[in-house]
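For the protein sequence lines, the chains are A and B, in the order given. Take 0 as the starting number for the first sequence in numbering that gives the first Met the number 0 and just add one per residue. Take 0 as the starting number for the second sequence in numbering that gives the first Met the number 0 and just add one per residue.
Simulated from the structure, these hints should not be mistaken for lab results. Some hints here could point you the wrong way.
No copy is singled out in the list; a pair is fine if it fits within one copy or between any two copies.
Below, simulated DSBU-like cross-link-like pairs (lysine-lysine); rule was C-alpha separation at most 30 Å, straight line [to be verified]: (1) Lys97 / Lys307; (2) Lys99 / Lys307; (3) Lys451 / Lys155; (4) Lys73 / Lys5; (5) Lys57 / Lys73; (6) Lys478 / Lys57; (7) Lys469 / Lys3; (8) Lys500 / Lys99; (9) Lys97 / Lys111; (10) Lys99 / Lys299; (11) Lys344 / Lys57; (12) Lys469 / Lys84.
Please read these numbers as outputs of a predicted model, since none were measured by experiment.
The lines below spell out each chain.
Number of protein chains: 2
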Amino acid sequence: MKLKVKFLGLEAGGKLIVILNQEDAEDLGIRSLGRVRLCSSQKELTAIVNITTRVVPKDYVGIYEEVRDSLDLKKDAELEVEVAKYPSSLQHIKNKLKGKKLSYEEFFEIVKDVVEGNLSEIELASFVTALHDFGLDLDESTSLTLAMVETGEKLKLNKKIICDKHSCGGAVGDKTTLLVVPIIAAAGLTIPKTSSRAITSAGGTADRAEVLMPVDLDLEEMKRVVEKTNGCIVWGGTLHLAPADDVFIQIEYPLSIDPLLLPSIMSKKKAVGANHLVIDIPCGRGTKVKTIEDADLLAKDFIELGKKLGINTRCAVTYGEQPLGYSIGPALEAREALEVLTRRKNLPDLIDKATDIAGILLEMTGKVDGKKSALEILKSGKAEEKFREIIFEQGGDSEIKPEEIEIGDYGLDIRSENFGLVLWVNNSGLTEVTRAAGAPKDKKAGIQLYKKIGNQVKKGEKLFTVYCEKSRKLERVRKVLEEEKIMGIGKRMEMLIHEVKEIPVYKKTFILER
Amino acid sequence: MKLKVKFLGLEAGGKLIVILNQEDAEDLGIRSLGRVRLCSSQKELTAIVNITTRVVPKDYVGIYEEVRDSLDLKKDAELEVEVAKYPSSLQHIKNKLKGKKLSYEEFFEIVKDVVEGNLSEIELASFVTALHDFGLDLDESTSLTLAMVETGEKLKLNKKIICDKHSCGGAVGDKTTLLVVPIIAAAGLTIPKTSSRAITSAGGTADRAEVLMPVDLDLEEMKRVVEKTNGCIVWGGTLHLAPADDVFIQIEYPLSIDPLLLPSIMSKKKAVGANHLVIDIPCGRGTKVKTIEDADLLAKDFIELGKKLGINTRCAVTYGEQPLGYSIGPALEAREALEVLTRRKNLPDLIDKATDIAGILLEMTGKVDGKKSALEILKSGKAEEKFREIIFEQGGDSEIKPEEIEIGDYGLDIRSENFGLVLWVNNSGLTEVTRAAGAPKDKKAGIQLYKKIGNQVKKGEKLFTVYCEKSRKLERVRKVLEEEKIMGIGKRMEMLIHEVKEIPVYKKTFILER
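With the rest of the complex left out, here is chain A (with noise of 0.2 Å):
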C-alpha cells in the first residue's frame, strides 16, 4: 500500500513507531502494535504500528522523528507499507512467558531488537516481567550478559590486568569511588570506571564527579584518558556499552523492579575489559539489600557470574545504616572528597570503606597488605597527585582547592526536639529531603550532616543543614520533613515501631540505582 508521509514532529523515545489511519490499518489487515514494513526509494525499516481516526488521514503515515531520521525522508515523500513477518524476537520472549529457558542466540536476538528500538513497551514490559516471575539461572545470565555486551560498544585496552569496582547502591552520600579510583591508578593499576548518575538517588558518582570535571566522554576520549593517567571516573551514559540496559531501565523503573541486576552490572564491565572487579553491597535498613544473609546469596551470584564470564570477583558487603562521611549531594560529597585526598579532614568510615575497596583490589592482583598499601597511597598524597592528573585530563581544574566548590546559598538548619543519643537515620528519607532540595539536578543542593549514629545531641542542637541553590525548593523540604522523621534521638529505641489499624498506605521506595 502506498501512503504518503505525514510527519508528525514528535519524537518516539528512540522507538520505530509509525501511526496509521483506522481505515487504512483496517485495510492492511494489521492492528495496534503490530508491525509493518516501510519501503522508501531508498531505504527500509521495521515499525510499530500505532492507529488512529483523527491524527492522521486516510492515505498517509503518520512519522515520528526517529523513522524520518532512519530513512532520511523528505516532505512529500511517499512509502510502501506492508505487514511486516513476525520478529522471532516476539517468539523467544512468549517462550520465556512460559518459563522456558532461553539459549545465547535467543537472547541475542531479544538484545538486538530491544537496543535497534524494534519492541513495544508492552513487549519490553512482558519480557522484562517474565524475568522477574520466572528469574535467570546461571546460564541465562552469562548469555543475556554476554547479548548485552554484544550489541554495544566495547572499550579495547592494551593491558593484561585491568580493575573495577561496582556498588549495588542504596548507601546514602556514597563517595567511595571518588577515592578508590585515584587510589588503584597511583599503584600502577588499569581503572578504567564508568558511572551513572541518580536515577532514584540524590546523586550517581557521575554527579558527584561532575562537580570537578566533565563526564560525558566519548569512548575515545576514555580511552585517552585510562591510558595516559591508569584511570578515568566518567558517566557511561554516551559510551554505548551495553546500551539495551538504558531501554530495560525505563521499564524497569515504573515497575518497581529489577531482574536485570546481575546482567546490567556485570555487562558494563565486561565491556570495559574489566577481569578483576569488587562488588560493594551496601547492606541495612534504607538500601537496597537489607539482610546480610541476601547480601551473602548476591555476592555468591556475582562470583558465579563472574566466573562464567572470565572476570575474577570478589564482594564487598558493606554497613549501610547510615550515610558515609557527613555530606549528602553532588557539590557536598565531591568537596568531602576531595578534603580526605587533600588529608584535609580525617573521615575514618569513608577512609575505611575506601581502603577496604581498593585494599581487596590490591590484593586481588599480588599485593600482600592490600588496606595497609591503599592507606599509605590515600596517605601519601600519591592519591590526590593522581586525582588531579585524572581531573586534568579529563578537562577539569586539577588545581581546585576543596573550599572552592559552591554549595547552595539558602540553608535550613533542622535541630534536636529532645537531648539523647542519636539511634537511627532514615537513609530514604534522607534522599527524599535531598531531592527535594534539588539534587541531583541542582548540583549545589544537599545536606551536611553534624551528628551520626551513636553521637550524643543536646535539645536544639543541630543536626543538619538541607542547602538548596532556589529559595523555592526550601517550601518542599519542609513539606518533606513534616511528613518524615530523619532522625531518631532518644535514650534507647522505642518499642512500638508502628501500628497497623487497617490496610496500610503503601510509598514507593524502590532504589534502581545498581
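Add chain B to chain A, keeping to what the hints say.
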C-alpha cells in the same frame, strides 16, 4: 509548579498522559511514567508523565485530547502540576508480580484504574504477564470477574431465567449463534446475546449479524429489543459491559497471551444477568483449544467459576477440525445461516451443532429432549419467524431473502491438483486467505467451499472460491495461497509432516477471540 498548557492535538488511546519538558520534570523530581496531579481552577486529575526535550518547551505541559476533555481546558489555561501519590493499584500489581494472591478489593482497585485510564501500558503489560505467569486460582478468577462487572454497565431484565451461549473461538465459519438465539427466543426463553467483532479471525458474530441488521445498539435499545422479542444479537463493544476487557485485549494481542480468558467471558455474561449458560469449546487443529483433554480442563474451570458467580454453566466440546458449513466471511456466512433458517438448505454439521447447544440450554431450563425440541423449532419455521422479528426490532430488513445478500464481485477458483480424498483442512490458512481477501472489514469478502474432509475430489475439480470486494485484494490472496496449503488431497496421510533442519521460522498464529 504552574505550567501553561500546550495542546498536542493527539489522542493517547484513552489514557491520561501529559508531556513535560525535561527541565521541568527534573525540577519536579519526576521521571518518565511517573504520575502528576493536575489542578485547574475547576477540576483535577492524575496523569502519567512522558518527558521530552523538544516538543514541549520549558514552563509548558503538553496536553493530549483525553486530558483536555477531562479537565475541560481552554487555550492559554494554566495548570498547577505536582508529583502525585503512588496509586495503590500499583502496589497490588507489584504483589502479583511476587506471586501473591489478590483479594476482591485489590482487583477492584486495579480494574477501576484500568477502566479510568490511570495505568500505563508498561504497568498493564506487566500485570497481564504476571497473570499469565502465575495464573489465577478460583477465588481470584471470581474476584477479578466481579471487579470487571462492577466497573461497567449492567443489563437489568425483569426475568427469572436468562440464557446465554458463548464460543471460545477458533472454529472457522462458525455461524451457530445466528441459529441458537432465534431457537431459544422462539422457545419462550430470554437470551440477550452480545457478540464480538473479529480480532484475529475472519469474522465475529457481530460482523456476520451486521450484514442483516444494525448491531451497535446502546444498552437501552438492546433492552427494548430483548423485552419485545426475547432475544437480540448485538455488538458488545458499545455497551460498556465489563469495559476493562477492551483494555486488556489491547495488551494481550501483541503478546499472544490470554490469561484473562475466563474472567473476560464470564464478566460479560454476568453483566447481562445470565444465569443459564452454555460454553462452546471448539476443539481441533487451528482452533484455540487443540486437544479434548485441554477442552475438558477448560470446561471444568468454566463450570466452577460459573458456580461461584451464580451462573449455571455447561460446556459443549465440539468438533473444530474444519469449517462449519461451506462458507467463511461475514456476508457468505449470514447468507448460509439464513438459508438454514429458511429451510432452503440442509447443512447437517451446522444444524447439528446449533440444535446441540440450543438443546442443552432447553434442558438446563427444564425441557426434556432439548435437541429434539430445538430441531422442531428450527424445522417448523418458528426460528425463522423469531429471527425476522429480531432483525426488524434491531432495524434491519426483516423480509430479506438469502439470495439478496451481496457477495464480492471478484472471484478466484482454487482447483485440486490431484485425485483423491480431502484428508485435512488448514483452518488458520483459511482465516488468513479470508482476511487477505478483505474480511472482516470488507463484509462481502470470503470463501465458498465445495469440498470438505472425506469428500472425493477429481483432478482439476473446484475446491473453493475466494471472493473479494476489491480486485487489488486478489493479488494478496494469491500470495497467501502460494505460501499456505489449504487442503490436503491424497489417498492417505503422508507420514513425514515436515523436516526440521535448523531453527524453525516462527509465525504468529494466535486466536484472541473468546
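Status of the hints after comparison with the structure:
1. Lys97 / Lys307: both (26 Å within a copy, 28 Å between copies)
2. Lys99 / Lys307: within (21 Å within a copy, 33 Å between copies)
3. Lys451 / Lys155: Classified as neither; 43 Å inside a copy, 65 Å across copies.
4. Lys73 / Lys5: both (10 Å within a copy, 27 Å between copies)
5. Lys57 / Lys73: Both, since 19 Å and 29 Å are each at most 30 Å.
6. Lys478 / Lys57: Cα proximity of Lys478 and Lys57: across copies only (25 Å, versus 51 Å in one copy).
7. Lys469 / Lys3: The answer is between: 21 Å across copies meets 30 Å, while 49 Å in one copy does not.
8. Lys500 / Lys99: between (42 Å within a copy, 22 Å between copies)
9. Lys97 / Lys111: For Lys97 and Lys111, the Cα distance is within 30 Å both inside one copy (21 Å) and across copies (28 Å).
10. Lys99 / Lys299: Answer is both; intra-copy 24 Å and inter-copy 27 Å each pass.
11. Lys344 / Lys57: Cα proximity of Lys344 and Lys57: none, with 70 Å in one copy and 41 Å across.
12. Lys469 / Lys84: For Lys469 and Lys84, only the inter-copy Cα distance (24 Å) is at most 30 Å; the intra-copy one is 53 Å.
Hint compliance for this structure: hints 3 and 11 are not met, and every other hint is.
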